[in-house]
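Once you have looked at the hints, place chain S on chain E.
If you're matching them up, the sequences are chains E and S in order.
Reading the first sequence from the start, the letters are residues 1 to 185 in the working numbering.
Reading the second sequence from the start, the letters are residues 1 to 186 in the working numbering.
These are computed hints drawn from the structure, not numbers from a lab.
Bear in mind the structure is a predicted one, so any value in this text is a computation, not a measurement.
A virtual CB, placed ideally from N, CA and C, is assigned to each residue, including glycine.
Errors might be hidden in some of the hints.
Claimed, not checked - Selected chain S positions facing chain E (Cβ under 7 Å, derived; list incomplete):
id : residue
1  : 1
2  : 5
3  : 8
4  : 27
5  : 53
6  : 67
7  : 72
8  : 73
9  : 76
10 : 86
11 : 88
12 : 98
13 : 118
14 : 155
15 : 159
16 : 170
Claimed, not checked - Taking CB as the label site, the calculated pair distances span:
id : chain 1 : residue 1 : chain 2 : residue 2 : range
17 : S       : 2         : E       : 149       : 19 to 29 Å
18 : S       : 7         : E       : 180       : 48 to 58 Å
19 : S       : 125       : E       : 182       : 23 to 33 Å
20 : S       : 118       : E       : 70        : 51 to 61 Å
21 : E       : 145       : S       : 72        : 16 to 26 Å
22 : S       : 117       : E       : 30        : 16 to 26 Å
23 : S       : 108       : E       : 176       : 23 to 33 Å
24 : S       : 74        : E       : 76        : 39 to 49 Å
25 : E       : 69        : S       : 137       : 29 to 39 Å
To be verified - Taking lysine to any residue pairs in the SDA-like style, the calculated list, with each CA pair at most 20 Å apart, reads:
id : chain 1 : residue 1 : chain 2 : residue 2
26 : E       : 8         : S       : 92
27 : E       : 4         : S       : 107
28 : S       : 6         : S       : 22
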Amino acid sequence: MIAKEMFKQSLPLLILCGIGGLFTGNILILMAHLFETIPGLIIIIPGVIALRGNISTAFGSRIGSAYHLGVISKDDMWNDELKQNIIGSIVLSILVSAILGLLAYITSIYLFNVYPQPLLLIGSVLLAGIISGFILTFLTVGIIYLVFKRGYDPDNITGPALSTVGDIITMLSLFISAGLMGAIL
Amino acid sequence: MIYNWKTIIRHGLPLLIFCILIEIYAGNLIQQNQTFLLQKLPVFLISIPVINGVGGNIGSILGARLASGLHIGSITLKSNDKQMHENVFTAIILGLCTYTVLAIIIYFIGTLTGATKGIELITYLIIFIGTGVFLICILSIISVLSAFFSFKRGVDPDDVVAPIVTTFGDTLGIIILFLFIGGLIL
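Chain E on its own, in the form it takes in the complex:
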């Protein structure tokens, strides 16, 4: 019973997400030359991708439990529980991005012998965090709405869908931000 439900709802999505990951891998290779102009940028790539995924999958996972507990449902979606989750996710995105930039800067210098420009590196991560934080939080709400509408269990869907779409949106946000910061500074 568990196996049948998980295979039916998750397997197609997992394969699709794997192909999405392939896309992320190719963006990485195509944009390899940018890592040379901004030292330290490649070190933050796994962090920035994973954190976005982490914040939105945790958001999705909480909504999954809220759905099972009955505090949120198809007919009662825009309630205060959801709003608290939205505020929490966005604030967390901005806070954590700033900390990631700062820690990457410090560890680069002391541990990896890479010397980034502080404003460029931290500014790029922070801007990328703000842009992707807003996009992904509202995308999460959209995906949850669709999942409810189709009557699926959110636990089987939100995690993979968000982490994959999150990867691609975050990568794009980061490169736009890095380009912008590079142009300004």
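Leaving out everything else, chain S in the frame of chain E:
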């Protein structure tokens, strides 16, 4: 009301900072091996996000299911809980199927772009699927342990399991992949 944005941040932040440090280490692993991977075996550089992504996804699905089960009481905090075992077993089989399909797709795309030169299909399949299944087994254990421990301590597993599993997935995925490449090719 069960959710409050300040609580979400208070539960999430310390763990996310811990994750950042591990992810920065993973980033450094890629940086050190980037030249080697790009020049000799580019197909594996493309495979890294796929291996890590699928591993993290299956671990998170398992975590989300365990969390919901614990919240509604259908899963109990016992090491021999039948429903927990069934979920873990399904996650591993799901991983085997997903990695097999993706390995074939990636190798096929790789032959078109020339990324697979220097590696046979069978060697690639063994490395990719081997890394994937080994990763899922370890991540399933991490998923169960973190779900059970957080629930026991009164922390919502939904806040905890996915970050832990995806973070360990990213670092372990790269390390296991390098071990398999080292054992079978070098």
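For each hint, the structure was consulted:
1. 1: 6 Å, holds
2. 5: 4 Å, holds
3. 8: Holds - the Cβ of residue 8 of chain S comes within 7 Å of chain E, reaching about 3 Å at its closest.
4. 27: 4 Å, holds
5. 53: Cβ of residue 53 of chain S sits 4 Å from chain E, so the hint holds.
6. 67: 6 Å, holds
7. 72: 5 Å, holds
8. 73: 11 Å, violated
9. 76: 16 Å, violated
10. 86: 5 Å, holds
11. 88: It is violated, given that the least Cβ distance between residue 88 of chain S and chain E is near 10 Å, above 7 Å.
12. 98: 5 Å, holds
13. 118: 16 Å, violated
14. 155: 12 Å, violated
15. 159: Constraint on residue 159 of chain S satisfied, holds at 5 Å.
16. 170: 5 Å, holds
17. S:2 / E:149: 19 to 29 Å: 23 Å, holds
18. S:7 / E:180: 48 to 58 Å: Cβ of residue 7 of chain S to Cβ of residue 180 of chain E: about 34 Å, so the range 48 to 58 Å is violated.
19. S:125 / E:182: 23 to 33 Å: Since residue 125 of chain S and residue 182 of chain E have Cβ atoms about 41 Å apart, the given range 23 to 33 Å is violated.
20. S:118 / E:70: 51 to 61 Å: Holds - the Cβ-Cβ distance for residue 118 of chain S and residue 70 of chain E, about 56 Å, lies within 51 to 61 Å.
21. E:145 / S:72: 16 to 26 Å: 22 Å, holds
22. S:117 / E:30: 16 to 26 Å: Distance hint for residue 117 of chain S, residue 30 of chain E holds at roughly 19 Å.
23. S:108 / E:176: 23 to 33 Å: Because 32 Å falls inside the window, the suggested range holds.
24. S:74 / E:76: 39 to 49 Å: 23 Å, violated
25. E:69 / S:137: 29 to 39 Å: Cβ of residue 69 of chain E to Cβ of residue 137 of chain S: about 31 Å, so the range 29 to 39 Å holds.
26. E:8 / S:92: 15 Å, holds
27. E:4 / S:107: 29 Å, violated
28. S:6 / S:22: 25 Å, violated
When each numbered hint is compared with the structure, violations occur for hints 8, 9, 11, 13, 14, 18, 19, 24, 27, 28.
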